[in-house]
Amino acid sequence: AQKITQTQPGMFVQEKEAVTLDCTYDTSDPSYGLFWYKQPSSGEMIFLIYQGSYDQQNATEGRYSLNFQKARKSANLVISASQLGDSAMYFCAMREGAGGYNKLIFGAGTRLAVHP
Amino acid sequence: EAGVTQFPSHSVIEKGQTVTLRCDPISGHDNLYWYRRVMGKEIKFLLHFVKESKQDESGMPNNRFLAERTGGTYSTLKVQPAELEDSGVYFCASSQDRYRGDTEAFFGQGTRLTVV
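Residue numbers (my numbering), protein chains in the order written: chain H, 1 to 116; chain A, 1 to 116.
Just so you know, nobody snuck in bad clues.
DSS-like cross-link-like pairs, simulated, lysine-lysine; straight-line CA separation at most 25 Å:
1) A:K41 / H:K3
2) A:K41 / H:K73
3) H:K73 / A:K44
4) A:K44 / H:K3
5) H:K73 / H:K3
To be clear, the hints were calculated from the coordinates, so they are not data collected in a lab.
Whole structure, please, built from the sequences with the hints as guidance.
Below, the structure is given as C-alpha cells:
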C-alpha cells in the first residue's frame, strides 16, 4: 500500500545551521513523484521541491535540496542556512504514476522550529 | 497572478447544519483537488476534478459530502448534515493540464471547519 512516513513530529535547529527532515515512502509503482510542502502558521501549503522517480540527480531549489535515496525509499528534505522564517510544518507527499495528476498521499508532517 | 483562494477561512457550525466551502483555483488550471486534515491525522485526498468532471472521488468519506464544479471554474464542497468528525481543515489545490508535464499542485490557505 502507498504510504509516506515522517518519523520526526518535531525538530529544532539553530538559525544559520542546516537541518534534515526525514521522509520514507512505500509504493509498488515504478513511476512516482515526491513533494515537499511547507505550511506556516498562516495555514497555506507552499510547494517547496519536487523529485521524480526517474530523475537522475537530486532536486535542488535555492536553500532546499532533496536527498533522494531510491533503494532506501527515502526522500529527505535538507534546508541549508536555516532562517527564522523557516519555522513551520513540513509535509512530505507522494504522487503515484506518471499521469501528471496530483492525487497526493501525505505524511503526518514535521514541525520545525528555528531558534535564533 | 492570484493563487488558489478558499472561502471562508473559518467556519463554526452546529452538528446537523449545512456548510458550503468554496474554492477558486488558479485561472486556467483544469485540475482541482479537495483534501482535508482532521485533527491529528494526515492530510487526505477527497476528490479530483478535471474541468467540470469528477475524475476521482475515491476519498469522499460518505454521501453527506457533495462537491461540484459547475463550468469548470470554482468548486464548492457541501457538507450536509455536518457531524462532529467532519471538523478539520479543508484544502483545495489546483494544477495545470496533465499534458503540460508534471506540474505541482498549488494549495489554498484552507478552510478550518469546526462542528460543535
